[in-house]
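Line by line, the protein sequences give chains A and B. For the first sequence, our numbering begins at 1 and goes up steadily by one. For the second sequence, our numbering begins at 1001 and goes up steadily by one.
Honestly, the hints are just simulated from the structure, not real lab data. One or more of the hints may lead you astray.
What follows is a list of derived Cβ distance ranges for each label pair [stated by the list, open to error]:
(1) A/R70 / B/G1245: 43 to 53 angstroms
(2) B/R1070 / A/Q99: 23 to 33 angstroms
(3) B/A1066 / A/A86: 39 to 49 angstroms
(4) B/V1256 / A/Q102: 28 to 38 angstroms
(5) A/R69 / B/R1299: 56 to 66 angstroms
(6) A/E66 / B/I1201: 49 to 59 angstroms
(7) A/E103 / B/G1235: 37 to 47 angstroms
(8) A/T9 / B/R1140: 17 to 27 angstroms
Once the Cα atoms are required to be at most 20 angstroms apart in a straight line, the calculated EDC-like pairs of lysine to aspartate or glutamate come out as [said to hold, decoys possible]:
(9) A/K83 / A/D10
(10) A/K21 / A/D62
(11) A/K37 / B/E1027
(12) A/K97 / B/E1120
Under 8 angstroms between C-beta atoms, here's a sample of chain A residues computed to sit facing chain B [unchecked claim]:
(13) T12
(14) S75
(15) K83
Just so it is clear, CB atoms sit at the ideal spot from N, CA and C, and this is done for glycine as well.
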Amino acid sequence: MTANIATLTDATFDEEIASGKEPVLVDFWAEWCGPCKTLAPILEEIAGERQGKIRIAKVDVDTNLEVARRFEVMSIPTLILFKDGAPRLRMVGAKGKGQLLQELDAFL
Amino acid sequence: MGSGPAGLTAAIYTARANLRPLVIEGEPSSTSDQPGGQLMLTTEVENYPGFVEGIMGPELMASFRAQAARFGAEYVTAKATRVDFSSRPFGIWVGDEGYRARSVIVSTGARSLMLNLANEQRLLGHGVSTCATCDGFFFRGVPIAVIGGGDSALEEAIFLTKFASKVTVIHRRKELRASKIMQERAFRHDKIEFLWDSTVIDVLGESSVTGVRVRDVITGEESDLPVVGLFVAIGHVPNTDLFKGQLDMEDSGYLVTQPGSTRTNVEGVFASGDVQDHVYRQAITAAGSGCMAAIDAERWLESQLDAPAHIAQTPRNW
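Could you put the whole structure together from the sequences, leaning on the hints where they help?
Written out as structure tokens, the structure reads:
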């Protein structure tokens, strides 16, 4: 995982979401999911370009099903933006960078 | 335009002919309308020649892409938003960004049809899935439904038996379009059941899918089938909206090419792959027609220029 993107687990999820002031975009993904792989480099770019405004983190649903269940993730990739600890925006499916930024920037 | 087997084969051939292809490869999505095309959502491809043990769809497309890149093909990872084929060089736009090309090969493919029900859209990502390979995992030990009767539907159904307790294939007729080998596998599978002569008229559930409402097309009777997952594989529609009014197409939207070639009604614009083929629709036939388009384009370009070698000397001729 790159320096810009944190890896969250069932055990660390709540603590990480609560820490820090910036909104956190969580990418629910898995190794076997093609569209997740397409999305990964786009999220890395966004993490770099929006540094200080947003944090991006990943949850591997394969090993962290508890947190995926809690947020009713039934399709990956699912992106959930948390602001002040609460989910504010949910996007299902891979998308292009322009589309993602359009939705995200409204919350940053 | 397009980066499935047709577009990338055209890129390999035109790059090797020093025609400097630019591939407008599409935009990431979780549907079949994405860079790499329909194979990006499949698992094992067992009928592409050369791979004795089969190959994963995304892996095959990554190889196509790398092979074209090796010979100098360049990529724009976005969807074209407008084209102008009325004058040459042709114009293609991605938002405000404009590109000029001496020749265009249209290989934008076809995308999976959805049922077009309001509740299907609302429950997308909450039990309705466009990507069985992505989402099958979430349906461990629960009943799901696959709609459709072709190879894609049966491939998804068989794949999903790895997770689901039961897979019901809902098909509007009594026989399947799928290949015999897929039919045999599906009929043999003890987790797969068939609901014949039936169409899905609604998707049920508040926050996530709890069932589908099915109508028997013969008796008209309606009934509810309890499922928590729904996968739709009822066919395809060509990605040709962009070309309306510029390229000849059939009523169904498929581009018309001159028999035995990839030529469209616009000189210098060629079409290959599923965007112009509703009959064969295979990776290998798409790749074959992509190769034809590249050769047609190369010959046409040569006929347009006094010195064919000139093409290779221009630093950037799109």
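Exercise. Range hint 43 to 53 angstroms: satisfied by the CB atoms of A/R70 and B/G1245?
Worked result: Holds - the Cβ-Cβ distance for A/R70 and B/G1245, about 50 angstroms, lies within 43 to 53 angstroms.
Problem set entry | Hint consistency between A/K83 and A/D10 [alpha-carbon to alpha-carbon, up to 20 angstroms] | holds (19 angstroms)
Exercise. Would the stated hint for A/K83 survive a check requiring a Cβ distance to chain B of less than 8 angstroms?
Worked result: Violated. Min distance 20 angstroms.
For this session: Compare the distance between the alpha carbons of A/K21 and A/D62 with 20 angstroms, and conclude whether the hinted pair is satisfied.
Result: Violated, because 28 angstroms separates the two Cα atoms, which is more than 20 angstroms.
Exercise. Would the pair A/K97 and B/E1120 pass a check requiring their Cα atoms to be no farther apart than 20 angstroms?
Worked result: violated (26 angstroms)
Exercise. Is the gap between the beta carbons of B/V1256 and A/Q102 within 28 to 38 angstroms?
Worked result: holds (36 angstroms)
Exercise. Does the hinted range 56 to 66 angstroms hold for A/R69 and B/R1299 at CB?
Worked result: Hint holds: Cβ distance 58 angstroms, inside 56 to 66 angstroms.
For this session: Identify whether the interface hint at A/S75 stands, where standing means a beta carbon of chain B within less than 8 angstroms of its own.
Result: OK, holds: A/S75 within 8 angstroms of chain B, min 4 angstroms.
Exercise. Given the proposed pairing of A/K37 with B/E1027, does the C-alpha separation stay at or below 20 angstroms?
Worked result: holds (13 angstroms)
For this session: Can you let me know if the beta-carbon spacing of A/E66 and B/I1201 is within 49 to 59 angstroms?
Result: The hint (49 to 59 angstroms, Cβ to Cβ) is violated, given that A/E66 and B/I1201 are roughly 36 angstroms apart.
Exercise. That 17 to 27 angstroms hint for A/T9 and B/R1140 (C-beta), does it hold up?
Worked result: holds (20 angstroms)
Exercise. Going by Cβ atoms only, is A/T12 closer than 8 angstroms to chain B?
Worked result: violated (22 angstroms)
Of the numbered hints stated above, those contradicted by the structure are hints 6, 7, 10, 12, 13 and 15, listed in ascending order.
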